[in-house]
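S.K.: Given the structure of chain A, go ahead and fit chain L onto it with the hints provided.
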Amino acid sequence: MDAESIAILTKGLTMAIGGLGPAIGIGLIGFKAMEAIGRNPEAAGKLFVPMLLGMAFAEAVAIYSLVVSFTL
Amino acid sequence: MMIPPAAAEPIFHIGTFPITNAMVNGWIAVAFFVVAAAIVSKRKALVPKGIQNIAEALVEFMLSEIRKVTGDEKRARLFFPIVATIFLFVLFSNWIGLLPGTGSIGVWELIEGERELVPLLRPAASDLNLTLGIALFAVLSSHVFGIRALGLTNHVSKFVNIRGIFRSFSKGPMAVIVAVIEFGVGLLEIISEVAKVLSLSLRLFGNIFAGEVLLTVMLGIFAYFLPLPFMFLELLVGAIQATVFSMLTLAYLTVATEAHGEEHEAEHQAEPAH
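For the protein sequence lines, the chains are A and L, in the order given. Reminder that position 13 of the first sequence reads as 13 in the numbering used here, one-by-one numbering, no gaps. Reminder that position 101 of the second sequence reads as 1101 in the numbering used here, one-by-one numbering, no gaps.
Because the hints were derived from the structure by calculation, they are not lab data. Careful, some of the hints might be misleading.
Stated by the list, open to error - Residues from chain L that face chain A, not an exhaustive set, calculated with beta carbons under 10 Å:
hint: 1; residue: 1006
hint: 2; residue: 1059
hint: 3; residue: 1062
hint: 4; residue: 1064
hint: 5; residue: 1065
hint: 6; residue: 1067
hint: 7; residue: 1140
hint: 8; residue: 1141
hint: 9; residue: 1144
hint: 10; residue: 1199
hint: 11; residue: 1205
hint: 12; residue: 1209
hint: 13; residue: 1210
What the hints assert, rightly or not - Derived coverage of chain A by chain L (criterion: at least 3 residues anywhere in the stretch with Cβ under 8 Å from a Cβ of chain L; other residues may be distant):
hint: 14; region: 5-11
hint: 15; region: 16-30
Note that CB positions come from ideal geometry on N, CA and C, so glycine has one too.
Looking at chain A on its own, in the form it has when it is part of the complex (with noise of 0.2 Å):
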């Protein structure tokens, strides 16, 4: 195993590592709102903007491990 293969698995690896993480955050907020919503349906307008920044933030995390796998 030389340098530049562990590095083209490292890449792969952080990757998909990194997003694991942020997917099931992402998924909870979703679910969470999907149940919110359920209750009371004239709430959706409400959770919209906070639950998309939710995400948001969420999936900054899974960014931050895209853009380590690019600079590798």
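M.R.: Showing chain L alone in chain A's frame:
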């Protein structure tokens, strides 16, 4: 098939200063807003019509959203120019990066021995320099507004809380321990400020650059109909990232101008509800 490089490519040089393709896009956005502002500000009808109507509706909408986060009118008007400018600039430059020709029309150049296409236009936020610049400006302006609103000692003691240690001496040993812990927390806040800059810039850069790479790959696989859902995704991502960037800037500005102790309450209000 070539994916665009992470660093924006220089197209020409003014003296020794390189002008990159993302910079050109940024200037196009600036020119658009300068011209739009000049045109709109000439109309002063009391009952707005046309362009003036659109501009006034936009301003009122954004001001009311900002007011929901800051709570009071004075700070809403104070922060409005910065937050609204960041939002409109990032939104516009993200969206014009989707126009056909951006990223595809270019010149073939010899870079490091390989013949590569250097596009003449590239989304402005796909250059880390631009996003880092806006992020630094946002965080620095939060500190400037904090110092102006609270005074230098109050602002600095949020981070280096020696004053809290001295004040706690008269309140007993438990208070002293708590004050020492709060001193440590204040030092961590300094690191958190650096993390704010990094996260703001990398979030916007990562989203827009990854969108650019995604569209290039999709267009490379099959150029008809396949990129359509991804272009729609990029429209959405552009709007969402502009919203997130400006809302975060607003949250930082609001927290920086709150007196110590109220800041925890302000962070709960930072998520706006319609």
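S.K.: Look at each hint and say if it fits the structure.
M.R.: Against the structure, the hints:
| no. | hint | verdict |
| --- | --- | --- |
| 1 | 1006 | 5 Å, holds |
| 2 | 1059 | 19 Å, violated |
| 3 | 1062 | 13 Å, violated |
| 4 | 1064 | 13 Å, violated |
| 5 | 1065 | 9 Å, holds |
| 6 | 1067 | 15 Å, violated |
| 7 | 1140 | 21 Å, violated |
| 8 | 1141 | 21 Å, violated |
| 9 | 1144 | 25 Å, violated |
| 10 | 1199 | 6 Å, holds |
| 11 | 1205 | 7 Å, holds |
| 12 | 1209 | 8 Å, holds |
| 13 | 1210 | 6 Å, holds |
| 14 | 5-11 | violated (count 0) |
| 15 | 16-30 | violated (count 0) |
The structure fails hints 2, 3, 4, 6, 7, 8, 9, 14, 15 (numbered hints given earlier, in ascending order).
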